[in-house]
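Visitor: Listed here are the chains, written in short residue letters.
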Amino acid sequence: MRWFWVDRFTEYVAGSHAVADKGVALSDEFLHDHWLGYPVMPNSLIAEGMAQTAGLLVSELYGFKELVVLAKFTRLSFDGPLLPGQCITYRAEIGHRKEIGAQASVTGVIRKPDGSEHQQALAEIFFARLANDSAPDKGLPAKLFDPDDLCHWLHVTGVFRVGVKADGSRMQPADYGLPVYG
Amino acid sequence: MASQEEIFSKVQEALVEALGVEEDEVTPEAKLQGDLDAESIDFLDIVFRLEKAFDIKIERGELFPEDILTNTEYLQDGKLTAEGLEKLKERMPFANLGEFESNPVVQNLGKQLTVQDMCSFVEHKLK
Amino acid sequence: MRFWLLDAIEEVEPDQRLLAVKNVSYSEEYLQDHFPEFPVLPGVFMLEAATQAAAWLLRLTDNYADTVIALKEAKNIKYADFVPPGRQLRVEVTQTKKEPGTASFKVQGTIGEKNSLTGRIELERFSLADRDPELAETDARMRSYFRKWESAILRPGVFAADLAAPATPNPA
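Protein chains in written order, with numbering that gives the first Met the number 0: chain X, 0 to 181; chain E, 0 to 126; chain W, 0 to 171.
A hint or two may mislead.
Covered stretches of chain W (in silico footprint by chain X; criterion: 3 or more residues with CB under 8 Å from a CB of chain X, positions within the stretch not fixed) [claimed, not checked]:
hint	region
1	0-14
2	38-49
3	56-69
Hints in this document: simulated from the structure, not taken from any laboratory.
Idealized CB from N, CA, C, for every residue including glycine.
Excised from the complex, chain X in its bound form (with noise of 0.2 Å):
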């Protein structure tokens, strides 16, 4: 298993909010322990999920070049099952943020055959910022990603497709000292 729990991002404005989306399929592994008979996408992998979601947006407001962890769960909540075929949305919200860190609100709505949307899942998320805590004593790391490593992520699920900063220009990975290549 991969830890990839967001596809392809729709729209993602840095400092405000980013949408994107997570299918489900029953090639997925983990889904035929979870459970044998009844395959439904584990809720705590949609707290993934959205945690990726607004993690993303979180982390670039520190220019992505800080540790920025998962704090806290203030709140989740889930309504129901998400199966196999289906796709889920989640859109997240950049709310208050300190100096040592910043909330998020996220929600996750899959869209029925008919057309009709469901709202599955909510968090509220705290993410803290750990370079500008007691870091060294904790025997934490410079960094949670080497830059090729995480160029490859943002690449791969859209962010510098679709990514725009507060006056609407293009979000570049030479902004963020990020590796350009070619």
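Add chains E and W to chain X, keeping to what the hints say.
Guide: Same frame as chain X, now just chains E and W:
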């Protein structure tokens, strides 16, 4: 100017939401750390909610003057010196520090902070 | 990968609490992404481990009456420390409320003496046949699968079924 009841009810709501506790657990006497399991990360969440609920700005260290509590100038064997205690009282005019003064072990301060102290803090901020 | 977030159930008090462990190892593939420079058990997997521990407490206590036991609400899930490869997360769940269709728990994850996870969760629980009688057969297949799973992670002598509440009759 909000009444004490209004302040309490908003503080209660903020604590219920930030800490995931039940409303009846949030009494004025309840200790934030001892009874409601609040930790440092929660204080941030609580501060966010208080700022929103009362339309105020709360700076870091205002509710809980970490800078005094970690300043070696004011510390001796883990306790706050008389000078430190004076500084603390200046910064926390809203808190009832009576119990803390009798044995000012720095680590205990957070543990003694109550819901009522938090209400007094808000009241002080709204003045 | 398998979605078995607990390696062993160590203590069970029916209708009250359950203690289980999860070992973290480099053979778990997702650690290469979470994070490339800092492999640690993802926070949501601590939450999933706690959810599974609570689900096992319900299954063992009620003799598998409910086949679907899922996370419905979580409040104040806090992460105080990381769990790197080589370490063991101990997960303890304490039941605080049990009502028809739901159950609530306080959850705690520790590594050694230190907390890594604290919070409160509410699970929803039902059997498929409750909602559609035609699915009783699927419930039966699920129960048989859960029993195999149980025999893998429940250490002998930890839980005696006769301590549990009387079994809810299985419609099959």
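Visitor: So, for every hint listed, does it hold in this structure?
Guide: These are the hints, each one checked on the structure:
1. For the region 0-14 of chain W, the assignment as covered by chain X holds, since 4 residues bring a beta-carbon within under 8 Å of that chain's beta-carbons and 3 suffice.
2. Under the rule that three or more residues need a Cβ within less than 8 Å of chain X, the assignment of the region 38-49 of chain W holds, with 6 such residues.
3. Coverage of the region 56-69 of chain W by chain X holds [criterion: at least 3 residues with CB-CB distance below 8 Å; count 3].
Against the hints set out earlier in the document, no violation occurs for any number.
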